[in-house]
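The listed protein sequences correspond, in order, to chains H and A. Counting along the first sequence from 1, when you hit position 90 you're at 90 in the numbering used here, and nothing is skipped either side. Counting along the second sequence from 1, when you hit position 107 you're at 262 in the numbering used here, and nothing is skipped either side.
Certain hints may be false.
As the list claims (entries may be wrong) - Derived pair list, reagent style BS3-like, types lysine-lysine, alpha-carbon separation capped at 27 Å:
1. A/Lys706 / H/Lys72
2. H/Lys72 / A/Lys185
3. H/Lys95 / A/Lys706
4. A/Lys758 / H/Lys10
5. A/Lys706 / H/Lys8
6. A/Lys758 / H/Lys12
7. A/Lys716 / H/Lys8
8. H/Lys11 / A/Lys706
Said to hold, decoys possible - Here are the computed distance ranges between Cβ atoms for each label pair:
9. H/Thr78 / A/Asp680: 49 to 59 Å
10. A/Arg637 / H/Lys8: 47 to 57 Å
11. H/Ile67 / A/Thr761: 39 to 49 Å
12. A/Ala488 / H/Trp29: 23 to 33 Å
13. H/Thr22 / A/Gly188: 46 to 56 Å
14. H/Ile67 / A/Ile597: 48 to 58 Å
15. H/Met21 / A/Arg640: 40 to 50 Å
16. H/Thr78 / A/Leu293: 51 to 61 Å
17. A/Gly478 / H/Ser69: 21 to 31 Å
18. H/Ile67 / A/Asp397: 27 to 37 Å
19. A/Gly188 / H/Val26: 46 to 56 Å
20. H/Lys8 / A/Tyr267: 20 to 30 Å
For the record, the hints were derived by calculation from the structure and aren't laboratory data. We put the beta carbon where it would ideally sit given N, CA and C, even for glycine.
Chain by chain, the residues run as shown.
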Amino acid sequence: MNINSAAKRKKKRLYLVLTSMTILAVVIWLVLRALQDSISLFLDPTELKARNLPEGEHVRLGGLVAIDSFIKDEDGLTYHFDITDGEETVSVMTKEPLPDLFREGQGVVVEGEVRSAGPFVATRVLAKHDENYVPKEVMDSLKERGVFIDPEEDI
Amino acid sequence: MIVELGHFALILACLLSFIQGTFPLYGALKNRGRLMSLSAPAAYGQFFFVAISFFALMYAFIVSDFSVVNVARNSHTLKPLLYKISATWGSHEGSILFWAFVLALYGAMVAYFGRRLPKSFHVTVLAVQAMVGFGFYLFLLLTSNPFERVFPFPMEGNGLNPLLQDPGLAFHPPLLYMGYVGLSVTFSFAVGALIEGRVDAAWARWVRPWTLLAWCFLTAGLSLGSWWAYYELGWGGWWFWDPVENAAFMPWLVATGLLHSAIVVEKRDTLKAWTILLAIIAFSFSLLGTFIVRSGVLTSVHAFATDPERGVFILAFLFLVIGGSLLLFAMRADRLQAGGLFAPVSRESMLVINNLLLSVAALVVLFGTLYPLLRDALTGDKITVGPPFFNMAFGFLMIPLLLVMGLGPSTNWKRADLVGLLGRLKFIMLAALFATIVIFYIADGGEIMAAVWLGLGLWLLLSTLFEWAERVKLFKPGSIARIFRQPRASMGMSFGHLGLAIAVIGISGTSYWNIEHQDIMRYGDSASIGGYEVTFRDTDGIVGPNYTAVKAIFDISRDGKAVTTLEPEARVYMTPPMPTTEAAILSTLSADLFVVIGEANNKEHTEWAVRLYYKPLQIWLWAGVAIMVLGGLISLSDRRFRMGAPTRGYK
């Protein structure tokens, strides 16, 4: 009776381990596959120009919307603007809705694919902001390029 | 004056938590009654003082006392009262104080409702609760003092992000925190059980109501946040796999698993070590989520560098709590004897599969959330892991989960007959398949995944109803009485599963059959979407308490008959100056019509950018999660699970 139940327990444990291993293996495979398609690198205009990424690579580009660069097409739905980090500037075109906070001189992050010629075509213009209304990555990049100096940091 | 009072009260609460976490525990180990009897009064006192502290901060916000840094940074005199109050928990410092407040509230509740628990166990649980609290008080007092003064003080505050000035979001954090912190009780019970070295059916009965309560709050808080994103962010999205959302979603996944594994402990006296481990992990996720979100570490590892004090404290605290409890688990887990055996096909196995899938899902979400942080630290690349990753990896795990969920409740404990089970349910499967094909035909096709999710939702819906009908012997004499005489826990289970089924059906509709239309419209222009005719009538200027707005008026008709008018707004807030869109939504059982007004396209303000969204079955999602919470509450009212641990349940 006792031996029997111990054997049963071992068998049960074996099933459990086998099931878990199978699930885990499948999941890891899936995770790695899914990850490849959905990672996007964050770059500022200088990095985008410097890195020579392969065409079609999914990236996010962040910086400030250059002053006096915003143009709306005749149809009222296609927008053109430049994103700058103080050193380099990239022209962007999009048909996506612009977030409420989109404005010249303000921080912005756009998503899209790397193209060898023509403007950067944004498939999404991000509305996400932290409490200081400038996306974190943009702020870091601007600090790095010396465009923005944090008044609190340098006292 | 009141602000200083709040500060002192916080220090007192900190001291009391230290007392509550040490002396009674020593008393419990050495069996000294007088030391043990310190425990409950300390818990009440700690709650009393932290409540004073919390309300003192709230008072500073209400009277706009800008000599307090925290108030000056996050409030403004012109803000409506509700948002002055909600700003109390809106900032980093305030939210941590709120955490400590809720933690002490739960501690006091355990002290009161658990008074019939075995004395030493009660004391141990309260001590663990107090130790966690002590960490929070220290964190507040040493690194994030919400009562810090500033001189000279500003005449006006910075204001609160207008997007956050919304009733939905005012109540979203408190609900979520009640959930997060509620898991601390489960954690304390688990660590208490490890210290005492005993887990049994009675333990499971004590723990379950607290887990359920936390789960209800978490579910409600998560869905309120999702609902807010849906109507406030202006493009009809409701889940973004944003790190902040993930931080709340991971504890939810583990808590859901915990609810199910605790059933096995109670009914079959097995899976004990696993359940304890889940309880520890669930609370660890709560802590991780709170700190990572609130300290801004997730958006950038540099947050640690700019605020090293907080960062190091957080790391040390997480290490102590999570590492310490896991170490204790490793040392004591072998004392927890496994009880009942079960066959590979049995209710227990179904619940084990549920637990495995939910835990792996939580791990997947964790990986996707932390991977950018890891990459940043290792290579300096800043990356984002996008929704496709989560949708694919998480979605894939949910398919078997939903399949098994339909079978689980109809499966016998110990040993079940799979062939017989499938035989009983084969008509349900065929019915779900048939309904899916019919709906797909009516909807004129769509992506294949839409059919998969719709089919799974229908399968779960029908199988849950079928199991319920079998259980109450529907259509047999006396079935009405049996419906109401069901144990509340079983009723709650039916509602919970039904709610998820309805939500899944809603998700398939709104994710795969939505229609988007954007255009420049003049007054009098019409657009048609999803069978509706949307006519732009006029715009109107309005002035709110702290904003001005343009209100657009749209006449909505269907088949030539007027349905309603929708009035979306484009608002501009004054402090901080910031535009927001207020969508107007027409909700019906079959779909939501969602109208957003953008900017004027010409100087005469007669042409406007307009966005229209048609979201089928959107309301099913909200109804589904509401039913899930209802199920949780019904289950909570089960007589067996009184928080007061009935004496007759424990011998």
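Hints and how they fare:
no., hint, verdict
1, A/Lys706 / H/Lys72, "holds, 23 Å"
2, H/Lys72 / A/Lys185, "violated, 77 Å"
3, H/Lys95 / A/Lys706, "holds, 24 Å"
4, A/Lys758 / H/Lys10, "violated, 79 Å"
5, A/Lys706 / H/Lys8, "violated, 70 Å"
6, A/Lys758 / H/Lys12, "violated, 75 Å"
7, A/Lys716 / H/Lys8, "violated, 69 Å"
8, H/Lys11 / A/Lys706, "violated, 68 Å"
9, H/Thr78 / A/Asp680: 49 to 59 Å, "violated, 19 Å"
10, A/Arg637 / H/Lys8: 47 to 57 Å, "violated, 36 Å"
11, H/Ile67 / A/Thr761: 39 to 49 Å, "violated, 28 Å"
12, A/Ala488 / H/Trp29: 23 to 33 Å, "holds, 30 Å"
13, H/Thr22 / A/Gly188: 46 to 56 Å, "holds, 53 Å"
14, H/Ile67 / A/Ile597: 48 to 58 Å, "holds, 52 Å"
15, H/Met21 / A/Arg640: 40 to 50 Å, "holds, 44 Å"
16, H/Thr78 / A/Leu293: 51 to 61 Å, "holds, 55 Å"
17, A/Gly478 / H/Ser69: 21 to 31 Å, "violated, 52 Å"
18, H/Ile67 / A/Asp397: 27 to 37 Å, "holds, 30 Å"
19, A/Gly188 / H/Val26: 46 to 56 Å, "holds, 55 Å"
20, H/Lys8 / A/Tyr267: 20 to 30 Å, "violated, 44 Å"
Checked against the numbered hints given earlier, this structure breaks hints 2, 4, 5, 6, 7, 8, 9, 10, 11, 17 and 20; the rest are met.
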